[in-house]
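K.L.:
Chain residues, written in single-letter form:
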Amino acid sequence: MYPFASINAYQQQLFAGTTSCKEAVEFYLQQIERQEHLNALVAVFPQEARQRAELLDAKRKAGTSTGKLHGVVVTIKDVIAWEQHPLSASSNILKGFHSIYNSTAVQKLVAEDAIIIGINNCDEFAMGSSNEKSAFGPVRNKIDESRVPGGSSGGSAVAVQAHLCMVSLGSDTGGSVRQPADFCGIVGVKPTYGRVSRHGLIAYGSSFDQIGILANNVEDAALVLSVIAGEDEYDATVSTLPVPSYAEELTSASTKPVIGYFKQTLQHEGLDEEIRSSHLAFIAQLKQDGYQVKELEFDLIDYIVPTYYVLTTAEASSNLSRFDGVRYGYQATPVKEELTEFYSANRSEGFGKEVQRRIMLGTFVLSAGYYDAYYTKAQQVRRKLFEQTKLVFSEVDVLLMPVSPSTAFKIGEKNSNPVEMYLADIYTVFANLVGIPGLSIPLFQHSNGLPFGLQMMTKHFDEVSLLRLAHTFMQTYKAG
Amino acid sequence: MSNYSEKYEAVVGLEVHAQLLTKSKLFCGDDASFGALPNTHVSPIVLAHPGTLPKLNKDAIALAVRMGLACNCTIERKNYFARKHYFYPDLPKGYQLSQHTTPICVGGFVKIKTAAGERNIQLNRIHMEEDAGKSMHDQDEQYSVVDYNRAGVPLIEIVSEPDLHSGDEAAAYLTEIRKLVRTLNVCDGNMEEGSLRCDANISIRLKGDPKLGTKVEIKNLNSIRFLKKAIDHEVMRMIEMKEKGETILQQTRGFNPDTETTFAIRTKEDADDYRYMADPDLPPFVITDEFIADIQASLPELSEQKKERFMQQYGLPAYDAGLLSEDVELAAYFEDAAKAITAYKQIANWLLGPVKSVLNEEGKEINQLTLTPQQLAAVIQLVEEGKVSHTMAVQKLFPALLQSTNGSSAEQLAQELNLLQERNEDALQQLIEEVLSSMPQKVTEYKKGKKGLLGLFVGEVMKKSKGKADPKLLNQLVTEKLAN
Numbered sequence: 049m050y051p052f053a054s055i056n057a058y059q060q061q062l063f064a065g066t067t068s069c070k071e072a073v074e075f076y077l078q079q080i081e082r083q084e085h086l087n088a089l090v091a092v093f094p095q096e097a098r099q100r101a102e103l104l105d106a107k108r109k110a111g112t113s114t115g116k117l118h119g120v121v122v123t124i125k126d127v128i129a130w131e132q133h134p135l136s137a138s139s140n141i142l143k144g145f146h147s148i149y150n151s152t153a154v155q156k157l158v159a160e161d162a163i164i165i166g167i168n169n170c171d172e173f174a175m176g177s178s179n180e181k182s183a184f185g186p187v188r189n190k191i192d193e194s195r196v197p198g199g200s201s202g203g204s205a206v207a208v209q210a211h212l213c214m215v216s217l218g219s220d221t222g223g224s225v226r227q228p229a230d231f232c233g234i235v236g237v238k239p240t241y242g243r244v245s246r247h248g249l250i251a252y253g254s255s256f257d258q259i260g261i262l263a264n265n266v267e268d269a270a271l272v273l274s275v276i277a278g279e280d281e282y283d284a285t286v287s288t289l290p291v292p293s294y295a296e297e298l299t300s301a302s303t304k305p306v307i308g309y310f311k312q313t314l315q316h317e318g319l320d321e322e323i324r325s326s327h328l329a330f331i332a333q334l335k336q337d338g339y340q341v342k343e344l345e346f347d348l349i350d351y352i353v354p355t356y357y358v359l360t361t362a363e364a365s366s367n368l369s370r371f372d373g374v375r376y377g378y379q380a381t382p383v384k385e386e387l388t389e390f391y392s393a394n395r396s397e398g399f400g401k402e403v404q405r406r407i408m409l410g411t412f413v414l415s416a417g418y419y420d421a422y423y424t425k426a427q428q429v430r431r432k433l434f435e436q437t438k439l440v441f442s443e444v445d446v447l448l449m450p451v452s453p454s455t456a457f458k459i460g461e462k463n464s465n466p467v468e469m470y471l472a473d474i475y476t477v478f479a480n481l482v483g484i485p486g487l488s489i490p491l492f493q494h495s496n497g498l499p500f501g502l503q504m505m506t507k508h509f510d511e512v513s514l515l516r517l518a519h520t521f522m523q524t525y526k527a528g
Numbered sequence: 004m005s006n007y008s009e010k011y012e013a014v015v016g017l018e019v020h021a022q023l024l025t026k027s028k029l030f031c032g033d034d035a036s037f038g039a040l041p042n043t044h045v046s047p048i049v050l051a052h053p054g055t056l057p058k059l060n061k062d063a064i065a066l067a068v069r070m071g072l073a074c075n076c077t078i079e080r081k082n083y084f085a086r087k088h089y090f091y092p093d094l095p096k097g098y099q100l101s102q103h104t105t106p107i108c109v110g111g112f113v114k115i116k117t118a119a120g121e122r123n124i125q126l127n128r129i130h131m132e133e134d135a136g137k138s139m140h141d142q143d144e145q146y147s148v149v150d151y152n153r154a155g156v157p158l159i160e161i162v163s164e165p166d167l168h169s170g171d172e173a174a175a176y177l178t179e180i181r182k183l184v185r186t187l188n189v190c191d192g193n194m195e196e197g198s199l200r201c202d203a204n205i206s207i208r209l210k211g212d213p214k215l216g217t218k219v220e221i222k223n224l225n226s227i228r229f230l231k232k233a234i235d236h237e238v239m240r241m242i243e244m245k246e247k248g249e250t251i252l253q254q255t256r257g258f259n260p261d262t263e264t265t266f267a268i269r270t271k272e273d274a275d276d277y278r279y280m281a282d283p284d285l286p287p288f289v290i291t292d293e294f295i296a297d298i299q300a301s302l303p304e305l306s307e308q309k310k311e312r313f314m315q316q317y318g319l320p321a322y323d324a325g326l327l328s329e330d331v332e333l334a335a336y337f338e339d340a341a342k343a344i345t346a347y348k349q350i351a352n353w354l355l356g357p358v359k360s361v362l363n364e365e366g367k368e369i370n371q372l373t374l375t376p377q378q379l380a381a382v383i384q385l386v387e388e389g390k391v392s393h394t395m396a397v398q399k400l401f402p403a404l405l406q407s408t409n410g411s412s413a414e415q416l417a418q419e420l421n422l423l424q425e426r427n428e429d430a431l432q433q434l435i436e437e438v439l440s441s442m443p444q445k446v447t448e449y450k451k452g453k454k455g456l457l458g459l460f461v462g463e464v465m466k467k468s469k470g471k472a473d474p475k476l477l478n479q480l481v482t483e484k485l486a487n
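Quick note, the sequences are listed as chains A and B, same order.
Quick note, the first sequence lines up with residues 49 to 528 if you use my numbering.
Quick note, the second sequence lines up with residues 4 to 487 if you use my numbering.
No wet-lab data here; the hints were simulated from the structure.
None of these values were measured; they are calculated from a predicted model.
Built from N, CA and C at the ideal position, the CB exists for glycine as well.
Certain hints may be false.
[Claimed, not checked] Computed, partial: chain B to chain A, Cβ under 10 Å:
id	residue
1	TYR7
2	TYR11
3	HIS52
4	GLY54
5	THR55
6	LEU59
7	PHE90
8	LEU302
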């Protein structure tokens, strides 16, 4: 069965008896050991995975009904709670912490027979675009180990890219699933805000965060999404809309959707020339193949990154208040007796520099005297973006955009200037600001040898159209 | 003592926290009840474990609206919770979820009664928020400890305008709030257990000065008596300082019940910045007209409304109506009795007289009495019809009925106890004859004008009747006889 092709193909082999869950787990454990230097995983559970594989094999052979993700070997980002397993957000402040409950996403994976084999490295508290900001050290891109895999779900992307698992769960607050998928040459899906419960996802920007999926292909991502999506009594912001069978909808009949792109996104000065020309060539190809493609105006483009950073850092400064060393987590030693010193020492030693930078930015924009100039203003821009999005999707069905202005860069290359790193989020933060679903598919190859992707977005809760067109594009236009 | 000085006026506003009587906490399913072992009513959500989210308990909204409607507030239709940020070990999330900036109930008033009369105390707002855990500094030699059972319990904060002017008024106001929350079943009103807590904001100013003076906040006043004493002490302290030309500092103070004085906890140099932010984890919630109408319809009659109704419907004097309507059970007892007979004022007299004193003596509530409203009505009816004298009814029949277990009626019992009044005129005439003829000298004196002797004759006849004569009738017959 290896190399792995798809969940569907794997499960057919399981039922044909040509492979077993145990065999799959052994393969991935071996891969994990071989690729340890990529630093994609912060914890692996060999014995537990083996036992579960045996249990599932026995269950299948006994003819008992099996789950949708029967035997699927999964890894999860270190911000998703799994009962009795480590959960640290790749931060020293949670070193050694074990979750005492299951996130809804994990609970649903397990209920559908998935095997969780390990936990992925990530940027600390999901803050970063390169996976260099982890207390566990940087993750390496398998295609060029001197390069970053993107972030913050870099460990998840590399785990899929380097065949350390079949699929992985990441989280996407401003591109943290789509951008590493782009850098690693795999598929990354960020669902609509509210499609997947956030219960058990460590919060970064609560009104932006979504659990997303990193996979080898669109079908697998669609199948996993149909499992983890849906209403949840523990999350007041999750949608109660019914969950379609996304994987089955991939090949259902439909008319050709109307496609749009923002003129300004391809004119942007920071965009790599070859990425620009590839997108323009792709658009020409689509027109040639009978798609209606509209060029749209987007004059707010320069506001989206500042708006995103004002709002997410504000929310982060609030969300991360709970990490104080009182009830759990890192306590500086010797323990400070004075309360303010106690908090200060725990948090200064526990949080990394990038997290501290964002907490301080967020605290600043929420402070009396600055609140209106930053936080209120950014909220106004967000509302404007929301209105503009409604107009866009009254004209087109699917919006295309690059994922990142560049391909994967060298480890350490962009560490001196945080603002430059923030600006590289220009194409991905839009979907989170307005809450629409977005994905990245690995359609392109750069002359520098690195892959890059096409980003696609639709209106809220139209994952069916999004995944279907992504699947069609992958079938029709994927190089090689 | 509402007049502390000729020169100064006290200005007081109260912030009253009331724990709502919901089964579970405001944002998760943990038990919200008081008194469990420390840290047993806690979950990952209340302890703010990584990844947990709040979900709003709708029962709390209904209780807050209930209180708001009873206090004549305007109910805000679109509501959200904000995060109020500060670090303290008993605050697990590092922020408290509160409606501090956008209260669910706006304005309104509460009527109070003091020696000076009745007055409406204006409210600023009533808002919902979650309680914090309980920090304790005296349980361990080395450490402070925290009990998170209380963390997340729903509260309403009832904030008055600075509309109170004395410890007495503040005490009357808090008494009224406590009565309201209990009548409405919004909070158990228990101040010892902390389910009702009070902070007082106090300042003084020269009489007639429209500007408020520097404010001092006294925290955690856990009884109505302490509230009054704390305000009285603080106002006098401020007046003395002013008179000595000292500057009053903006402070948070505590009250020491042993010395009945206040002491400084901290002096506020600059305002705290809580960085209020709408909680992105909780979508705004909308209160509909139907929701409000349903709650309005379910509101119990408040004592003030009941008093008005008792005056109108039963013609009771304000005093009686007021006393009866204070006590929900007593008022219900009255109304049951009033279904049986129309001597409403007599029922009130009985309840506020003999019945009340029996309850006081035995330390009982009216609903613990075996005597039914119908039985009481029957006693009153016997008196009204002149079959039993009022005195006999109070002294003999009523106590006997209270003891009676065999379910005999008031009239049967009166018969058994030989309490029925003699109304047979012939029999009475005969007794009168006997008495008058035995005291011819007194009769002569009476006829000469010593009218005061009437009581003597009547008393003698009454003795002979063994107390069973109807005193009214007897009086009339004796007078007639002597007139002849």
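K.L.:
Hint numbers the structure violates, sorted upward?
P.N.:
Structure breaks hints 1, 2 and 8.
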